[in-house]
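Participant: Residue numbers (our numbering), protein chains in the order written: chain A, 64 to 392; chain B, 64 to 392; chain C, 64 to 392; chain D, 64 to 392.
Warning: the hint list may mix true and false statements.
Just so you know, same-sequence chains aren't split out, so a pair can sit in one copy or run between any two.
[Claimed, not checked] Derived DSSO-like pairs: lysine-lysine, alpha-carbon spacing no greater than 30 angstroms straight-line:
1. K341 - K156
2. K265 - K156
3. K121 - K176
4. K131 - K341
5. K132 - K71
6. K131 - K363
7. K176 - K153
8. K354 - K156
9. K121 - K212
For the record, the hints were derived by calculation from the structure and aren't laboratory data.
Just so we're clear, the structure is a prediction, and the values are computed from it rather than from any experiment.
Protein chains: 4
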Amino acid sequence: MEYRRLGKSGLQVSALSFGSWLTFGKQIENGIADELMTIAYDNGINFFDNAEIYARGKSEEVMGEILKKKGWSRDSYIVSSKAFFGLGGKDLKPTQKGLHRKHLVEACEQALKRFQLDYLDLYFCHRPDKQTPIEETVWTMHNLIQQGKILYWGTSEWSAQEIMEAHMVAQRYSLIGPTMEQPQYNMLERNKVEGEFAQLYKTVGLGTTIWSPLASGVLTGKYNDGFPEGTRLGIEGLDWLRDNTLVEANMKRVKELTKFAFDLGMTMPILALAWCLKNENVSTVILGASKRAQLIENFKAFEGRDRLTPQVMEQIEQILKNKPAPPSF
Amino acid sequence: MEYRRLGKSGLQVSALSFGSWLTFGKQIENGIADELMTIAYDNGINFFDNAEIYARGKSEEVMGEILKKKGWSRDSYIVSSKAFFGLGGKDLKPTQKGLHRKHLVEACEQALKRFQLDYLDLYFCHRPDKQTPIEETVWTMHNLIQQGKILYWGTSEWSAQEIMEAHMVAQRYSLIGPTMEQPQYNMLERNKVEGEFAQLYKTVGLGTTIWSPLASGVLTGKYNDGFPEGTRLGIEGLDWLRDNTLVEANMKRVKELTKFAFDLGMTMPILALAWCLKNENVSTVILGASKRAQLIENFKAFEGRDRLTPQVMEQIEQILKNKPAPPSF
Amino acid sequence: MEYRRLGKSGLQVSALSFGSWLTFGKQIENGIADELMTIAYDNGINFFDNAEIYARGKSEEVMGEILKKKGWSRDSYIVSSKAFFGLGGKDLKPTQKGLHRKHLVEACEQALKRFQLDYLDLYFCHRPDKQTPIEETVWTMHNLIQQGKILYWGTSEWSAQEIMEAHMVAQRYSLIGPTMEQPQYNMLERNKVEGEFAQLYKTVGLGTTIWSPLASGVLTGKYNDGFPEGTRLGIEGLDWLRDNTLVEANMKRVKELTKFAFDLGMTMPILALAWCLKNENVSTVILGASKRAQLIENFKAFEGRDRLTPQVMEQIEQILKNKPAPPSF
Amino acid sequence: MEYRRLGKSGLQVSALSFGSWLTFGKQIENGIADELMTIAYDNGINFFDNAEIYARGKSEEVMGEILKKKGWSRDSYIVSSKAFFGLGGKDLKPTQKGLHRKHLVEACEQALKRFQLDYLDLYFCHRPDKQTPIEETVWTMHNLIQQGKILYWGTSEWSAQEIMEAHMVAQRYSLIGPTMEQPQYNMLERNKVEGEFAQLYKTVGLGTTIWSPLASGVLTGKYNDGFPEGTRLGIEGLDWLRDNTLVEANMKRVKELTKFAFDLGMTMPILALAWCLKNENVSTVILGASKRAQLIENFKAFEGRDRLTPQVMEQIEQILKNKPAPPSF
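Please construct the entire structure, taking both the sequences and the accompanying hints into account.
Facilitator: The structure is reproduced here in structure tokens:
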């Protein structure tokens with residue numbers, strides 16, 4: 064396994080990590096979840112990603128139960144949660160979601176209970192909250208660190224401007240600012256990580272824990288011949304993801320890439336993961352495997368990465384033609 | 064004339080203002096320049112925009128000479144300059160451009176001499192400078208304010224992230240941050256002002272002095288039937304502007320808008336200016352007229368603005384179909 | 064016993080103190096450890112030095128067990144630990160060492176458990192960590208103080224530049240900076256304490272808890288006739304210490320000093336300890352005795368120190384000829 | 064010419080620059096001085112180094128007179144002075160030297176008069192002053208920047224610890240800290256630039272304007288056969304330089320290097336300059352030529368630098384054997 068610093072922080076996170084979104088407590092049985100985490104840990108993965116909203120809390124319960132059973136040394140792995148959506152659903156009370164102090168504090172406490180842990184290593188603000196001043200959010204996350212309930216805090220799907228504002232507030236009050244951001248990133252979705260965030264790696268030393276490296280499965284090539292039922296993008300409530308990803312131009316790209324990967328002697332998913340690993344501003348690529356074989360296969364991404372020479376990268380660029388424009392001046 | 068606060072600052076700038084880019088010292092004779100400025104001033108325009116690079120210093124000389132001759136009270140108008148490009152040309156020495164302390168200080172001194180003025184009201188960093196830490200730039204602009212050589216400082220064509228960084232630095236050292244940004248803004252170019260900067264109006268109270276409200280003339284409708292020689296977009300060195308603006312989709316928009324303006328009973332340029340004035344986050348719309356009649360006509364934009372009801376604005380939106388997406392969450 | 068302030072702090076530490084490096088949990092039996100600590104405590108030593116890496120955690124367990132058994136009042140002694148190396152060994156995971164927040168927090172918790180204590184008096188960063196920003200380390204140590212888990216924090220084998228940077232960060236965020244540094248210091252190794260750190264005593268009020276006052280035994284004179292097996296410098300993994308210390312020039316110095324000590328009427332080790340005590344910038348001299356008689360003998364260092372008149376010190380300087388040059392200007 | 068940023072600042076300084084130490088107003092006639100500066104400027108050198116003590120003020124007078132006569136654009140070059148020694152000599156009053164506010168302010172004013180300039184680009188504290196708190200010095204330099212009398216300030220022959228302290232003070236009071244340091248640096252004197260300062264390039268973005276790249280001529284090879292009268296190192300008052308440099312080990316190194324340079328097809332001085340240019344942490348190498356031919360010859364250093372492959376650098380290291388040890392941990 065390869066380890067990378069989480070942005071400028073000293074925490075070393077495995078370059079591939081394991082997330083339980085859409086799987087734990089939902090798509091897969093707990094026995095499979097156990098097997099997957101064991102394979103991940105045994106192969107050097109040290110970061111397990113989670114969130115309150117994943118399977119409405121059940122994903123954290125399943126993961127916590129496995130961690131307890133395994134008895135791995137607490138200092139050998141990194142666990143995250145994310146707050147914002149609450150446990151979802153229509154009956155949520157106004158105080159049960161968002162980034163105000165009450166929800167962040169209560170959500171953290173609840174996540175720790177579901178995990179059966181004393182502290183989270185990483186805690187994310189799952190979305191920006193226009194109804195809460197960033198000041199209140201930064202203060203709350205800082206206090207959670209001071210209380211020892213979390214070690215590092217970050218954001219997910221925030222804009223560069225919002226991340227900068229969080230750092231500005233942190234500096235103004237001498238607080239600990241956000242360490243990492245969890246954006247979507249893959250061959251079909253590059254704007255934030257390669258464009259908008261470009262300066263943040265230098266100015267605030269932003270780390271990134273990227274999700275959806277396979278574009279919800281589109282980059283496996285499995286939708287090349289149409290959109291079958293029962294696959295991830297068919298899940299209710301994910302229409303927004305589907306609509307952005309399954310556009311015609313992308314389907315054309317994936318077909319060409321699949322052929323290109325074949326010529327390179329690797330599979331389409333391995334090429335897609337390898338390509339993400341190639342980006343030095345990516346701290347870790349979160350895998351969302353639901354099957355043993357799939358997860359084991361994914362570790363070939365490092366070999367794949369080593370074969371992405373500048374020439375090969377340039378050929379990929381010719382197929383993708385979606386590189387974010389550099390700043391005009 | 065209508066006056067608006069320059070962002071959160073207390074300085075009131077006329078909602079239409081007058082810029083000398085591409086005209087003073089270059090396209091038009093000094094006599095015309097005098098006439099135009101007089102018409103502008105007599106109609107309540109109080110902001111005259113300039114930059115060191117405009118006609119390589121000559122634009123400032125011409126403007127300064129006119130101001131001197133007219134003898135208008137110094138406290139009745141606002142004058143700007145911008146530094147970054149130096150005087151342009153191939154023989155520039157490395158110390159004669161950029162946003163480091165030496166160039167900003169020397170450029171300010173030189174602009175004051177060309178203008179024959181004791182201080183500038185507004186001083187802009189004409190572009191971001193990747194080779195100078197923003198810290199050095201903020202410190203220098205602050206010191207120029209302290210020395211009484213400039214009154215407010217701002218940026219031009221910076222990203223939201225860079226503007227936030229400038230404010231972060233200003234706050235850290237208790238310095239005066241940038242008050243305004245000068246972005247391109249018009250019906251065809253909306254991303255920065257309506258999208259990227261959206262939060263900045265609230266967080267740092269950003270003012271905007273927008274340039275190219277007519278998209279370099281495209282929004283006058285004069286290119287509707289092709290691209291004649293001798294017009295602004297034919298000027299050598301402005302290919303970048305031309306290439307972004309004269310795309311097919313835009314030409315289609317302008318044709319429809321021209322018809323729409325006619326139905327509304329106003330000309331295309333007046334509709335374009337009125338539409339800019341409608342945006343409350345625009346502090347002032349910089350006009351770049353080179354002819355008397357053109358400038359006088361432009362003042363009708365206020366009447367035009369008053370006729371842009373919510374319904375009309377929505378119809379325009381249906382033609383433009385280029386409204387920047389709000390942040391997804 | 065004589066007590067000295069730990070740098071500018073108000074904490075009074077005994078001028079001789081007792082460290083368990085290489086002995087507790089390793090070279091000596093727990094019964095001997097108990098005897099040595101009892102002699103130390105009864106003779107007024109109030110500081111017991113330790114680290115996570117000493118005997119891979121066992122040194123802390125042994126010391127903690129003794130402290131518990133003795134029942135000495137907790138406010139009558141000072142206990143330290145140090146984090147950086149983790150528990151050592153080849154199987155360490157990347158998150159189990161270094162000065163990032165996760166390791167410092169977890170290492171502190173683990174040390175407290177091994178010690179069976181509620182808080183450490185002194186907590187050291189055992190080495191600088193180039194992979195973690197000093198900012199993250201300072202914040203974490205500050206927070207541990209706020210949480211009541213440690214009372215003072217310091218560094219060990221850091222450079223003057225790094226210590227200054229820690230203070231700069233502390234000042235910037237209004238945090239508590241490092242109080243003390245634990246450097247090697249003895250007649251043969253003077254550069255850091257007398258040269259590099261010279262200004263730090265004044266500027267930041269640095270305290271020093273010096274280790275190896277006898278240069279790993281070389282200054283006892285026992286290697287004067289060669290390097291016997293089974294002595295400290297023969298321990299595997301300490302080659303770096305041996306190589307720096309056992310150089311020919313040093314052996315010559317020690318032979319002359321041994322004779323000089325004899326003429327003064329004291330033993331070589333007493334002269335060496337007395338000489339360290341003579342330096343006012345040394346807060347405490349950590350003894351590493353493994354035998355009763357040896358420890359008891361060491362207390363004569365105070366008498367010895369009182370006989371080091373300016374003349375005698377000058378004669379020693381003539382033998383050592385290794386006084387760090389003062390800054391050239 | 065090649066230009067480099069002065070540390071993290073945005074000011075671009077020529078990689079070779081020209082200093083007047085020991086020459087202007089002293090060893091060489093003013094006509095020669097004029098010729099040398101003209102050659103330098105025409106070849107792209109944009110930094111002229113000076114100090115109050117050089118020829119007791121005469122060096123600045125000569126340089127100022129030449130700059131005036133030439134009429135080069137003020138924004139095309141960078142001029143420095145340094146304060147600390149006053150004008151030297153035995154009759155100096157206590158207020159006429161050092162880094163207290165009175166001398167720094169008066170020395171700056173006097174240097175400007177001797178130069179006939181309105182401001183200095185760079186102003187150095189020529190040595191550390193143990194009799195003045197660094198706080199007073201930092202405040203004074205900051206105020207001189209605010210008053211527009213200097214643009215950047217720095218230090219010369221300060222220790223890493225002192226430079227850090229200056230930055231700490233600057234930060235505490237929100238002042239502008241030192242941008243650059245002027246240390247001695249050459250193949251025979253590497254400790255400060257390669258060892259002691261190693262972290263400062265990263266932490267505070269230190270720029271370096273290095274002096275004595277030829278080790279006072281020793282690296283020209285002209286002393287290979289003994290120490291003739293009438294050469295630089297024979298100058299009265301430079302015994303300290305002579306004593307450090309002309310040691311036997313160095314003479315041996317230079318003899319071997321001279322042969323090595325010959326085999327490489329370049330002269331000894333060119334090799335010595337090229338080797339300095341190779342170090343990326345060197346912002347500029349100050350040349351001290353006193354003859355036309357010598358100065359013109361020096362520009363070959365860039366060609367020479369391009370031939371210093373990693374292999375060649377390693378061979379040089381084998382001859383020098385004086386690379387500063389990296390930090391032990």
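Participant: Next step is simple, just say for each hint if it's right about the structure.
Facilitator: A quick look at each hint next to the structure:
1. In this homomeric assembly, K341 and K156 come within 30 angstroms of each other (Cα to Cα) only across copies, at 23 angstroms, whereas the closest approach inside a single copy is 43 angstroms.
2. Taking the shortest alpha-carbon separations for K265 and K156, only the inter-copy value of 28 angstroms comes in at or below 30 angstroms, while the best intra-copy value is 40 angstroms.
3. Taking the shortest alpha-carbon separations for K121 and K176, only the intra-copy value of 12 angstroms comes in at or below 30 angstroms, while the best inter-copy value is 32 angstroms.
4. In this assembly of identical chains, K131 and K341 lie within 30 angstroms of each other by CA distance neither inside one copy nor across copies; the values are 34 angstroms within and 54 angstroms between.
5. In this homomeric assembly, K132 and K71 never come within 30 angstroms of each other (Cα to Cα): the closest approach is 33 angstroms inside a single copy and 45 angstroms across copies.
6. In the homo-oligomer, the alpha carbons of K131 and K363 lie at most 30 angstroms apart inside one protomer (29 angstroms), although the nearest pairing across protomers, at 52 angstroms, exceeds that limit.
7. For the homomeric pair K176 and K153, the shortest alpha-carbon distance inside one copy (23 angstroms) is at most 30 angstroms, but the shortest distance between copies (34 angstroms) is not.
8. Taking the closest pair of Cα atoms, K354 and K156 come within 30 angstroms of each other only across two copies (26 angstroms); inside a single copy the shortest separation is 36 angstroms, beyond that limit.
9. Taking the closest pair of Cα atoms, K121 and K212 come within 30 angstroms of each other both inside a single copy (20 angstroms) and across two copies (28 angstroms).
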